[in-house]
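Protein chains: 2
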Amino acid sequence: MIGIKSIASYVPVDGLDNYAQGAKFDKDNEFILGKIGSAFLPRKAAEQETSDLCVEAVNALFANNPELKRESIDALIVVTQNGDEEGLPHTAAIVQHKLGLPTHIAAFDISLGCSGYVYGIYALKGFMEATGLKNGLLVTADPYSKIVDPKDRNTTMLFGDAATATWMCEGADWQLGKASFGTDGLGAPHLKVTNGVFFMNGRQVFNFALVKVPEHLRELLRASDLKADDIDAFCIHQGSAAIVDAVARRFEEAPLEKFVKDMVETGNTVSSSIPLLLEKHVLPSTWKRVAISGFGVGLSWGSAILHRK
Amino acid sequence: MIGIKSIASYVPVDGLDNYAQGAKFDKDNEFILGKIGSAFLPRKAAEQETSDLCVEAVNALFANNPELKRESIDALIVVTQNGDEEGLPHTAAIVQHKLGLPTHIAAFDISLGCSGYVYGIYALKGFMEATGLKNGLLVTADPYSKIVDPKDRNTTMLFGDAATATWMCEGADWQLGKASFGTDGLGAPHLKVTNGVFFMNGRQVFNFALVKVPEHLRELLRASDLKADDIDAFCIHQGSAAIVDAVARRFEEAPLEKFVKDMVETGNTVSSSIPLLLEKHVLPSTWKRVAISGFGVGLSWGSAILHRK
Chain A
1 MIGIKSIASY VPVDGLDNYA QGAKFDKDNE FILGKIGSAF LPRKAAEQET
51 SDLCVEAVNA LFANNPELKR ESIDALIVVT QNGDEEGLPH TAAIVQHKLG
101 LPTHIAAFDI SLGCSGYVYG IYALKGFMEA TGLKNGLLVT ADPYSKIVDP
151 KDRNTTMLFG DAATATWMCE GADWQLGKAS FGTDGLGAPH LKVTNGVFFM
201 NGRQVFNFAL VKVPEHLREL LRASDLKADD IDAFCIHQGS AAIVDAVARR
251 FEEAPLEKFV KDMVETGNTV SSSIPLLLEK HVLPSTWKRV AISGFGVGLS
301 WGSAILHRK
Chain B
1 MIGIKSIASY VPVDGLDNYA QGAKFDKDNE FILGKIGSAF LPRKAAEQET
51 SDLCVEAVNA LFANNPELKR ESIDALIVVT QNGDEEGLPH TAAIVQHKLG
101 LPTHIAAFDI SLGCSGYVYG IYALKGFMEA TGLKNGLLVT ADPYSKIVDP
151 KDRNTTMLFG DAATATWMCE GADWQLGKAS FGTDGLGAPH LKVTNGVFFM
201 NGRQVFNFAL VKVPEHLREL LRASDLKADD IDAFCIHQGS AAIVDAVARR
251 FEEAPLEKFV KDMVETGNTV SSSIPLLLEK HVLPSTWKRV AISGFGVGLS
301 WGSAILHRK
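Going line by line, the protein sequences match chains A and B.
Quick note: the first sequence, position 225, residue 225 per the working numbering, numbers continuous.
Quick note: the second sequence, position 97, residue 97 per the working numbering, numbers continuous.
In case anyone wonders, no lab produced these hints; they're calculated from the structure.
It is possible that part of the hints are untrue.
The list cannot tell twin chains apart, which means a pair is met if one copy fits it or any two copies do.
Claimed, not checked - Below, simulated SDA-like cross-link-like pairs (lysine to any residue); rule was C-alpha separation at most 25 Å, straight line:
| # | residue 1 | residue 2 |
| --- | --- | --- |
| 1 | 134 | 66 |
| 2 | 146 | 46 |
| 3 | 98 | 200 |
| 4 | 146 | 222 |
| 5 | 146 | 197 |
| 6 | 98 | 193 |
| 7 | 69 | 223 |
| 8 | 192 | 103 |
| 9 | 98 | 211 |
| 10 | 134 | 219 |
| 11 | 134 | 218 |
All values reported here derive from a predicted model rather than from experimental measurement.
Using the sequences and the hints, build the whole thing.
In structure tokens:
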């Protein structure tokens, strides 16, 4: 079975002081840290394309895993809704070329937002198992700095640029358990781009997440024959400190501390938020079993159990 | 194993008389039929969105398969590079809502062009098998009329609008055999959109297909322990009459007649071309085994064997 072998990331060093940005909107430091959750929002350089963020993340993965050779990569999925070009070609093809990956590679983009990593790991695992491929990369890179209006107080304090790369192969330590998914296009207008500018109805998205995510986690645990006590940590999409706190409080079966919260230096990195948590908190841990949950654009949501082999 | 149960399509009734269009570019009827291959190019109505084409194709699928209930659909992939919105949200979410599909559905877009169907069937099969989902829809809809410049003689005579819907589930008649894939982002500039307008370097794409596709089919047959004689028909992407003829001639192991050619009334429908052939020529046939091959934007290519259960 294909599982998660290693995760690496790229977070731009440059970015915005979110306290300074908050001050422009009359938001104090308590609001920025307590509600938004991020003191700093990484920003890609103007000349960096989405594919360049992907390349940085994959090169970090190669650096961490010298046994992984470029020539052995045979599958590549890029999860993004802010790719290099206007729809076509797909960013994964550009990444293949920039990285010098072999041409006998299956490469495509998946269009999903904050739920994208949960879908992406099953899409890559499934595609590889269905086609007999051996070494796949799932790359997330959705730089919202391309579309966020710096004058929009509902979005400009939230999002950070980042990319992650997940190596999936046979015999990996972390295996994929049960997963559950959902989509409700009725809520599509709550998160969308018009004339190149991102709009978010924050209240609607907050309410959606608060109602949907705890219940979805419960369903997943029931389907997996697990109790909350069996889960060492919950790594949910880091939409904001407020939403992570609110979901954690509503999921009363688990103590608040089990909900990993780490966005102070990254902001909401869309589909990169969950793999950033996994890279930093789960893969180096002694934990046996974690739950992940992503939710956002679509509206779309997905939750899954990851467990050690 | 998840396989292909049924395929339906939507081809707009309105469109362009390609002979009349050819005359504007001093192209005679022999050129239009013999080289381009299409006397008529279907065009969606201005008010039809990509999601509307998807809805028409899926409704045709429901009409053909009364036993397939909306409530039982749990997976939906839309293959497109010309979706409804500017990157986000994904078109699959909009299709979910317009069709009234259940919200407990996994839905996302795959960004691929003319190779998209080959990737898409393995992506959907793999995703469903990895997650235990039961009834999936693979929808293709890439209306190039959105991006083709009617003054560009290299593209405006080629492309037609269409959509297809493929029902994938357990116990289907047509199973997916071995597949092989490739990507070469070095050729990304040969097919791309800039400022909303599609550009194609026709000669480069023709040469790429002519060199790549016959060899790729040979590799696939070798990997499958099959000979050309074991294949009842070759259903390759209908890029143009010239490219299908040229690939067929270069693949000397099989008689020309085994290469299905049917684009007179559709044009090049991008990721819909292969499922249109399967719907019309393969599913109603007594054939036992066919090869499919898609190639284009990326550059990206994919070939696979489909066989009766």
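Checklist entry - Which of the stated hints cannot be reconciled with the structure, identified by number in ascending sequence? => result 4
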